[in-house]
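Undergrad: Given chain Y, work out where chains W and U should sit, using these hints.
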Amino acid sequence: MDNNLILDIENLVVRFETDDGTVRAVNGLNLQLEKGHAVGLVGETGAGKTTTALSILRLVPDPPGVVECEKLLLDGQDIINMPIKDLEKIRGKDVSMIFQDPMTALNPVFTVGEQIAESIFLHEDVSKAEAYKRALDMLELVGIPAERANEYPHQFSGGMKQRVIIAIALACHPKLLIADEPTTALDVTIQAQMLDLIRSLREKYSTSLIMITHDLGIVAEICDEVAVMYAGNVIEKGTLEDVFNRTKHPYTEGLFNSIPNLNDRKVMLTPIKGFTPDPTNLPPGCAFEPRCPYACENCLKEQKDIYISDTHFVRCSRYEEDGFSIDRKEIQ
Amino acid sequence: MARKNKKAAASGQKEYKKRSLAAEVWRNYKKNPSAMIALFLVIVIVFVAIFAQFFYDFKKDIVKQHVKEKFQKPSAEHWFGTDNYGRDVFTRVIYGTKYSLSVGVVAVAISCIVGVSLGLIAGYYGGVIEDLILRFCEVFTGIPSILMGVALMTAFGQSIGVLMLAIGLVYSPMYCRTTRAAVLPVRDQEYIEAARVAGVGDLGIMFNHVLPNALSPIIVQVTMGIASAILCASGLSFLGLGVPIPMPEWGAMLSEGREFMRDYMYLTIFPGLAIMITVLSFNLMGDGLRDALDPKLKQ
Amino acid sequence: MARYILRRLLLMIPVLICVSFVVFFLMDLAPGDIVSQMAPADATPEQIEMLREELGLNGTVLQRYGRYLWNLLHGDMGTSLSLKRPVIEVFVERLPATLKLAFASIVIALAISIPLGIAAATHHRTWLDGSSVVLSMLSVSMPAFWLGLLLIFAFSYRIKIFPSGGSGTFKHLILPALTLGTEQAGNLTRITRSSMLDVIRQDYLRTARAKGVSEKYVIRKHALKNALIPIITVLGSTLGNAFGGAVAIETVFAWPGIGRLTVAAINSRDMTLATGCIIMFTLMLNMTLLVVDIAYAYVDPRVKARYSK
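Sequence order for the protein chains is Y, W and U.
Everything in the first sequence is counted per our numbering, starting at 1 for the first residue and increasing by one.
Everything in the second sequence is counted per our numbering, starting at 1 for the first residue and increasing by one.
Everything in the third sequence is counted per our numbering, starting at 1 for the first residue and increasing by one.
The following block holds chain Y by itself, in its conformation from the complex:
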């Protein structure tokens, strides 16, 4: 089974040592992803999604970031103990990342063609001219006319920039693509185009995907699996059906209850009360305990992953009790 994993993270801890105290961004996170699969990493702002993604490329800024983990394998390669030289060969080649804000993610002083070609030139055994030629093909592939390759980022709209960023990320056909809220900064109409593009290119190159988002709709559209993050931990993970239809964690339930239901507009929205915990001062035990309607004393002790099925686990100690269930009905 292990050989089939593109990504295998065990007990990832990331903290930022700042003047104002230690920010505990990721706290013992486990995440596995099979080759060719797409997982949606869902959670509120500040849940540690981006930090987790950056850890996979080992791009967490250090200082102040400190990354520790038991295991971080990318396609069987140990990322955490890898020398920086080898790491540079993997970045952009085996794993690529699309960043959140297309307005700032491109270097303003190089043409978009140069920026795509750079990636190809670094990783493939080709001449600069050949790399540039392939960059033009890549541009066409993401729907930008090749003639625009010698233009600069400031001449492109936000959506066009995001296309360029996708072209950079996919230029060397990576095995794993991490997309960090690739549509948040874009107009709704452009969002759909972007998702279509990512989906079709992913199918074309059979790339595995981590889609970071806070939009459950995008997850349903694009992903096979869902991992819900809260305060630096995956608190529930399973297939789309597992998480959407057989929701287990109270926090996941809260997320679903916060989405307006277009089919039944009479249903009242039930927002999750309270705020995300202060990452410099996390509560002991389950981080969701102070906001959780089902909280009991046991929630104050350390939490373990409890497997509901082969594909579905939840990190909530209440499921150790027989017969515990949340209010949300299972959907058959």
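In short, the hints are calculated from the structure, not lab data.
Even glycine gets a Cβ: it sits at the ideal position worked out from N, Cα and C.
Hints are not guaranteed to be accurate.
Here are some of the chain W residues that sit facing chain U, going by a computed Cβ distance under 7 Å [unchecked claim]:
hint	residue
1	V48
2	V150
3	A155
4	F238
5	M265
6	G272
TA: Quick look at chains W and U alone, frame taken from chain Y:
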């Protein structure tokens, strides 16, 4: 991303505890050790500048010549040695503080009055007035400041007052541009519009609403401006065009000592050190103030 | 782009005229009369008046300025009263010394400040960063002529390897260039460090790293080209400073540059030479600033786009 948001949340919480701006700036400033050292030095320098004249007599201690005691090396009796007229260099350096400092402060005050008002007018009214003022600044900044200083000193005669005026005028365009740049983003804010609707006149808006909100860069410019004014004054004095001898101005002392540099180097070392420490203190204080006024800029 | 340059060149003309006006009148205010100095000691007032007329110094200041401007607009900067030679000829004779010193000092300043500023920024909050901050702060706070004196003391009086003044050989150039270069390196290091620190936080560097660009090239290629923009601005004013602000250093090292020429002209009330020199200075400074603005366009495509409009 996650971290940034947490930081933002943290600073949001801080805003709940209401603090006056000055207290907040002071709280930030205190955290910077080099800025605190600079502040201490500036206080000492100001103190020396004000009180040295009560400890020493100008005629007896500063300008009176003791030819028998000339060119004595630094010793317990004469800490910085004596010069070619047998005058105690330490006493002269200490006494000279008031010339450098007063030139620096008054020159900056002149630059401020001229530059800040022009900058305010340019930034506030915009259009042709702004263009004219900026062109005017351009003419003055087109001439190297030390040459402009030389020309002004020559035209109006050599005295400490003219020196202040000359340096003040030479540096005014810088204040004008800083002020204008600081005013521009404030100009279109809604609270300015609100004040206008409420019937506040142009002058009232400029001084009560625009200026306070554009103050930070001006404060920094003033602190650092004192440093450059002192440096410029010492340069002019060194060229023999600043404070007239026998006043113990540091640049003039340097210029005098230079003749005897081959054998009596200490005559040039100590006045130079005095200039450097003073300028350094103001520069470091300006740096610290800038960081304290705008924590965003500091990493 | 060509239109932009032409416009800038045309805009320099009124600036230069204003400068000539300001300097001419300041010189006129100065006490002391060059004509009575030039005339023989036993000259009668009538003879002095005749000499004045001969030199074209008769009439009110406005009349004289009018004549001066008229000649200036026809490309004639007049004759130096003290040296009795055409101003332009004297200026051109002294120019190479100034240019040599200016460029040597800039080369030294860049060689120190760019690597130091980058290293400080990439090693933010380490001892290296700290010492670069201290060193650059010291260099901007030190009177440059004082540093020059210290260098003369050390390297021509104590260890006799460089001459203490004058010009001619390469050895003569080293101490003044080092002095001026160190002075400018302070400012340039500070700006390099701060603009590098600013760029280092930008998202596009993360994009470059995520592509697999090595850290070395992230800094040298992706970051540096962006950080150059503010560095170029400061470089422009630094160059301008090296042309004219180096008067005190030229004095210290007896360097025959135009800064010293100008001061001498002002001191001897040689108003044609003084005005001419300052006009030429201003022209050089403005040309430098124009070159800087053109250099921007080559570094920053956004600026280039604005110029072409």
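Undergrad: Next step is simple, just say for each hint if it's right about the structure.
TA: Right, here's what the structure says about each hint:
| no. | hint | verdict |
| --- | --- | --- |
| 1 | V48 | violated, 18 Å |
| 2 | V150 | holds, 5 Å |
| 3 | A155 | holds, 4 Å |
| 4 | F238 | holds, 6 Å |
| 5 | M265 | holds, 5 Å |
| 6 | G272 | holds, 4 Å |
In this structure, the one hint that does not hold is number 1.
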